[in-house]
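A.B. asks: One letter stands for each residue in the lines below.
2 protein chains.
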Amino acid sequence: MNTKHVYTFGDGKAEGRADMRDLLGGKGANLAEMNLIGVPVPAGFTITTEVCTVYNQQGRDAVQRLIENEVKKGIAGTEKIMNATFGSKGETFPLLVSVRSGARKSMPGMMDTVLNLGMNDDAVKILADKSGNPRFAWDSYRRFVQMYGDVVMGITAAKGEHNPFEAEIDKLKKQKGVLNDTDFSVEDLQLLVERFKQVVKDRTGKTFPTDPWEQLWGAICAVFDSWMTERAILYRRLEQIPEEWGTAVNVQAMVYGNMGETSATGVAFTRDAATGEDIFNGEYLINAQGEDVVSGARTPRAITIEGSRRWAKQQGNITEETRAAHFPSLEETMPKAYAQLNAVQQKLEDYFHDMQDLEFTIQDGKLWMLQTRSGKRTGAAMIKMAIDMLRQGLIDEKTAIERLEANKLDELLHPVFDKESLRKATPVVKGLAASPGAACGRVVFFADEAEEWKAREEKVILVRLETSPEDLRGMAVSEGILTARGGMTSHAAVVARGMGKCCVSGAGDIEVDYVNRCFKIKNTTTVIREGDWISLNGSTGQVYSGKIETTAAELSADFETIMKLSDKYTRMHVRTNADTPRDARVAREFGASGIGLCRTEHMFFEGDRIKAVREMILAENEEGRRRALEKLLPMQRGDFEGIFDAMNDLPVTVRLLDPPLHEFTPNDLPSQQEMASEMGVPVEKVIAKVNALHEINPMLGHRGCRLGNTYPEITEMQARAIIEAACNLKLKGKNPRPEIMVPLVGELKELEEQTRIIRSVAEQVFSEKGIRVEYLVGTMIEIPRAALTADQIASVAEFFSFGTNDLTQMTYGYSRDDVAKFLPVYIEKGILKNDPFEILDKKGVGKLIETGVSLGRSTKPGLKVGVCGEHGGEPSSVIFCHKVGMDYVSCSPYRVPIARLAAAQAALRYA
Amino acid sequence: MNTKHVYTFGDGKAEGRADMRDLLGGKGANLAEMNLIGVPVPAGFTITTEVCTVYNQQGRDAVQRLIENEVKKGIAGTEKIMNATFGSKGETFPLLVSVRSGARKSMPGMMDTVLNLGMNDDAVKILADKSGNPRFAWDSYRRFVQMYGDVVMGITAAKGEHNPFEAEIDKLKKQKGVLNDTDFSVEDLQLLVERFKQVVKDRTGKTFPTDPWEQLWGAICAVFDSWMTERAILYRRLEQIPEEWGTAVNVQAMVYGNMGETSATGVAFTRDAATGEDIFNGEYLINAQGEDVVSGARTPRAITIEGSRRWAKQQGNITEETRAAHFPSLEETMPKAYAQLNAVQQKLEDYFHDMQDLEFTIQDGKLWMLQTRSGKRTGAAMIKMAIDMLRQGLIDEKTAIERLEANKLDELLHPVFDKESLRKATPVVKGLAASPGAACGRVVFFADEAEEWKAREEKVILVRLETSPEDLRGMAVSEGILTARGGMTSHAAVVARGMGKCCVSGAGDIEVDYVNRCFKIKNTTTVIREGDWISLNGSTGQVYSGKIETTAAELSADFETIMKLSDKYTRMHVRTNADTPRDARVAREFGASGIGLCRTEHMFFEGDRIKAVREMILAENEEGRRRALEKLLPMQRGDFEGIFDAMNDLPVTVRLLDPPLHEFTPNDLPSQQEMASEMGVPVEKVIAKVNALHEINPMLGHRGCRLGNTYPEITEMQARAIIEAACNLKLKGKNPRPEIMVPLVGELKELEEQTRIIRSVAEQVFSEKGIRVEYLVGTMIEIPRAALTADQIASVAEFFSFGTNDLTQMTYGYSRDDVAKFLPVYIEKGILKNDPFEILDKKGVGKLIETGVSLGRSTKPGLKVGVCGEHGGEPSSVIFCHKVGMDYVSCSPYRVPIARLAAAQAALRYA
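Here the protein sequences line up with chains A and B, keeping their order.
Residue numbering for the first sequence follows my numbering, starting at 14 and increasing by one per position.
Residue numbering for the second sequence follows my numbering, starting at 14 and increasing by one per position.
Hints may be right or wrong, so weigh each one.
When chains are identical, the list treats them as one kind, so a pair holds in a single copy or across two.
Each computed SDA-like pair below joins lysine to any residue, with the alpha-carbon atoms no more than 20 Å apart [claimed, not checked]:
#: 1; residue 1: K856; residue 2: L868
#: 2; residue 1: K842; residue 2: R769
#: 3; residue 1: K93; residue 2: K187
#: 4; residue 1: K467; residue 2: R542
#: 5; residue 1: K186; residue 2: S198
#: 6; residue 1: K834; residue 2: I709
#: 7; residue 1: K855; residue 2: L868
#: 8; residue 1: K467; residue 2: G559
#: 9; residue 1: K762; residue 2: K860
#: 10; residue 1: K747; residue 2: G875
#: 11; residue 1: K702; residue 2: A833
#: 12; residue 1: K842; residue 2: S773
The hints are simulated quantities; they were obtained by calculation from the structure and are not laboratory data.
Since we're looking at a predicted model, the values are computed, not measured.
Take the sequences, apply the hints, and build the full model.
C.D. replies: Put into structure tokens, the structure is as follows:
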């Protein structure tokens, strides 16, 4: 732990730097850096993330003892630079400050902020006097009481209750007969402050604090507290941010966008966050504070003329004259400040070499930057920006790859609306194209109910006036999100983009009626009710009633460029899990360099095959089984021919029969009767067989190579089908590369025995066909014991493929089929950080994998090692696979590009 | 590999020694040693075990090339000493030899032997001439052809066929009208030799070899081949003898017990192998070869007068006169040879310091020793001999301990069948010897009815397809348990062993018919009905129809001495797995130094408890659960008071609730209806709950600390019951030492959370009671991930107890309940050497245990580590536990003595 806990900045100087984000958080580090490169930033200081840890462990008093002097010095420095006094009694301008969180990684909207801190009955008067704008002063005061009351003193609405501060505002509006906040007079605002203080007194029994220092410590601690709120914990889990990181606290002099018509506030992006186009864009509001832009209470306007015109065009019926008169851009209303802002945005992007998400305030014509950070973006925008910046020479190839979020490629790979189906669809309303993609689902109005519907396997679209962090889990389970309010930077828009989820925001023409669970389209008779199907196009903002079919996405040239770049830097190959020629072709198009897992049993269910399989199961003896297997042989051979053909020249790993035989028999009486009559046996025989096959724990039962070792004739048939198929293709001039994989090996002798059978069948086939093909025999490593004895197993295996699904089941002792009974509680309580079936557990399962790889290679130094299973397409797991020295990962076809990128990133990171 | 492959011996000289048994096998090493100490042994030589390995890998030709010269030298040396010629043409006495196997560890009867080798048409004549006993010569010849034809040329009876040589003998007997072999004339024997040769010709197409050298090489290779026969492989598996050891081959000059009435052959033991008494005993036959004694074709007689008299007494109606006349002892028939033999046996026992099993031949009045080895003995004899020899100063304490076979103590701890009664019994089927002892009772098929029958003072045997926790009380009142399914570690087996109750499990040939209340034996007409008497031998797996009387085992003073000696040398403690005060007391009597596993759920089934448990399960919310748990609290507390009292001053490890909740709900509709009416809820609710609790793989499901972490109130109740019980006892002046064990931990946070709850409850109880007790909180290590992350887990755990049952399930991916579907085939095929649930797998599971222990102690150097589970009472597993540095093992009460002895042996072996 450092002995310095507070880093000051302001007036072109700073104790921190951009590369100190671990200590100062992203916001604090960038505030410091902006100072150093000459961007105008209000003075202030950052309390380090280390203090957050002290707070969590030792509490408020310890923190106050630890940093009190440094905070005092920080305030003194800020006072000096801003020429204002904290707790001024009138002799000077009062110093008001903002107190904001700032973690290493941005967690937008997740933690608390207090603005206008330092305000009290003295300060408001001086502010009113000195600014000559009493309305502004009193408006700031009432905002402060409301915000501090909420954030620090914990006054929020009970369930079903209206927010008590908002209730006071509504009451006063009615009393005064005014419509908007901005219509309140100074006296009204003074009254509101009094009523707000009374709310605080009523609700907490405490008097609202007037001492700025007391206010400050309260706010600092509240920010630290907000690190541990449920929503913050949830968000961290989704984004995999460690709890230990903690948040920094930024205390910064207030500047005022609400000081009148020459003041404004806004947010901006140096490029288009949705498309990636190199167009400066953003939104602003005159005479407002930052929260107004984000909350959606007033609809913000575009910063640039271009953006403003595009907006007007989207609205459909706004002429250029109307636009210029009523919805002018910042470029038009404050051209000088705009020019300054434009220069700053350029400077910041050039400096940080990345698209920046900016917050700014214009106070009485003067621009202040409040924040810069790398902006969130859609997958498509991410790709385009990286390639554009690479072409523009802003970044090099490695940086282009490293910067990408592999998981976001997923958005580009997902289906879009089928054009034919789309043509027939009825557009009912349009909103902002907040997060791209196509989504289709049933309307639900409440986040918790979205979760319930999803639990019933319903696809849902969450429709809200606007979203808040409480809706996060509901959003996560929805296909898409539609909101009536809020712009491109609203909560719904930002979060949806982060999740790679389709979102249409600010569809102002919908009237959401929570009570009757429906929404109406203004000026029409259209009513859409809970449970109705709607479809959203997040790339255009269109909303359709009904269900629209979707089709696969088309990939851009930039996407291809990224993939080629990835392959240039990667060390690992990416294969795919595919059981059919069709899947194999899709994956090949996505760049798969082979099949890592072809599950033969998936072929057992189709058409007549299941009949032959059941014949085999019912057979009384080996002879009967062989007779049934004879029938399966040509079908399996045909399947393999198709797959080897689709994957010509590339390796294809075929896994021998894996599931327990009872998966092929029916469990209900009618189906058993049907099976009996099909097989020509009494139903009692079928029932007896089903009972005999029953297992208490099928996952740990008679399956995998335990089948092949108890019924070697199955292995013989499968080996024959594979080798015959390969020979047939080779005879046609093709180049099949079969790799035969024995599943569920836990003991060397199991593999020895299976290998012996396979090789002996192969030799027979070669001599029958008069031709040989190269092939490998290897094994899945999916049983803990296989990893622990991998040195022995490698003496026989020609390759290892880690089956991380089963390995995770057995290493944790979790049945994937049953884990839902406790895993959600475990995630909720933080006992587990992630679902280990989704994200590979590096500590436990990973340790077994490392053991397996290194033991295997201790016996056979060049042993080919890969992974198959869900984790092969999950970026952090792919990176782990690289680190332990695997040769390839294998994943579902649609995740192949993600794995390719992640593999390249791993290669760069651990070069 | 040594360059010397053949070791000669004879005439008081030998190239080998007794301590060379790895190289020469037990027989060869002892033949050498007997020469060196002056015991008369026919000359010969030993081919080393290393040659067997060469044979298995490279075949006959390679072996012949390798050792031909050495074998020739060996024969030449033997010729010289015995003054005879191999392949004599008449000038000298012909040298005939025996060719016998000899592994490091005795495998009696498992491998092949050829006697009288070297015999041919020349030799027989010379032998007839020189011995003056043509009958003996021709008898030897026909024996040789028969034996060589069988062993070397592979002529055996086909299925259902009579042995072809025996058929010739029978034919000739009929022709000649004689009854016994001994009645054949010389001509008959000559005819027989001719016919035998014809059999060989007919069966193999080959002429019987006349060249002694050809005969010799054939026999040597046949002995090597017999190392790999099915029965030898099976025996090695049972006795855990590695295949790599190989067998030596002993070629030794024949001496002839069948040279007439002054010749004899026999076997003898230096002490009584059944009782251990220090009485020389054995059996012999006049005018016979060794095989006659063993084969049972003629009834052998006792060597000593004492033995002979005892035998006569057992027969009941043989007077001393009759005995002396018709069944005289060797002591009487050949007093001089007997005196020699008696001196030799004394010399050998004194020399080897152990009871010897001897083979001897008296040729024309001269004694020859053919073999000496440590004799097999019963458990009782083993103990008595060790203690006797210790007292006699033949061995020291350490040797006494090291020599014992720990597993054999088991025989002494359980009731046994009365021998007389057993002789009359009919065995009907065989299952696994799941829990030793003998039991006899009337067949009952339902656990509740077992209780009813027991209440009527009936002795019952509970017969089930398999048992479940619901059957617990029924099992407790039964004399023994018989199941159709499940292995050595099935529920029935484990529980029965824990109860010290006889159990035969997995008797796959019985077909249980619950409806008609009977069971059938497959492929027979035997039907056994409810109420019929059956008897089980849990030590052999035999099931008998009818009643066999049993007698209780009594523990001897010698047994106590052995236990005390063990404790003197041991390092590990031995605790017990016990769930009731009764079990605890039994175990304490057997010397348990605490309870290593007290399964709290076993208490949940009794009386009203199951009702409260079900109430908890049906509760809609935490409040409802708490209400039900309130009812359980006093009952659990009472149980713990009883156990802490029984184990006063000793540690008691209490495991928190482990099984999934569905084990407490009934599965069939009638029981569900009963439960519903008992609970006062509609049956639909019960059914819905049962369905909701259903799991695909319950073994990997919602159980262990996953219950305690999802329903913390269960942990709270159990912690309270334990701590309150401990406080109550302490208030009474007792010294309870609770150790609370959290089951199924796989992730540190699971344990942290449970520990937090336990400690907080404990503090509450302490303050309520105004007293404190010392207690520990630790965890089972039974999930692979727990072992892999043991360094983290040890930061919280105060002790580790390896749950090797579950750890084995997950490390192998074997469900104990289902493993019977393939494990027998795996053992049969040699894929697995042992059932890993019976004998701890050192390579895989053991590696995880070692990892867990060393990681755990890397965090907490003094960490207390033990094992609970079936392996804690299995000697080789106990030795492993010692080697990895465990502090204790815990096993079922009846295995405590075995574990104590094994622990002492481990301490001596790895001092």
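A.B. asks: Compare the structure with each hint and give your call.
C.D. replies: Now for the hints, and whether the structure bears them out:
1. K856 x L868: both (18 Å within a copy, 13 Å between copies)
2. K842 x R769: between (50 Å within a copy, 14 Å between copies)
3. K93 x K187: neither (44 Å within a copy, 131 Å between copies)
4. K467 x R542: Answer is within: at 17 Å inside a copy they meet the 20 Å cutoff, but 54 Å across does not.
5. K186 x S198: within (11 Å within a copy, 135 Å between copies)
6. K834 x I709: Answer is both: 18 Å inside a copy and 12 Å across each meet the 20 Å cutoff.
7. K855 x L868: both (18 Å within a copy, 17 Å between copies)
8. K467 x G559: within (19 Å within a copy, 62 Å between copies)
9. K762 x K860: Between copies only: 18 Å across chains, 24 Å inside a chain, cut-off 20 Å.
10. K747 x G875: The answer is neither: 27 Å in one copy and 64 Å across copies each exceed 20 Å.
11. K702 x A833: between (30 Å within a copy, 16 Å between copies)
12. K842 x S773: between (54 Å within a copy, 18 Å between copies)
The earlier numbered hints that this structure contradicts are 3, 10.
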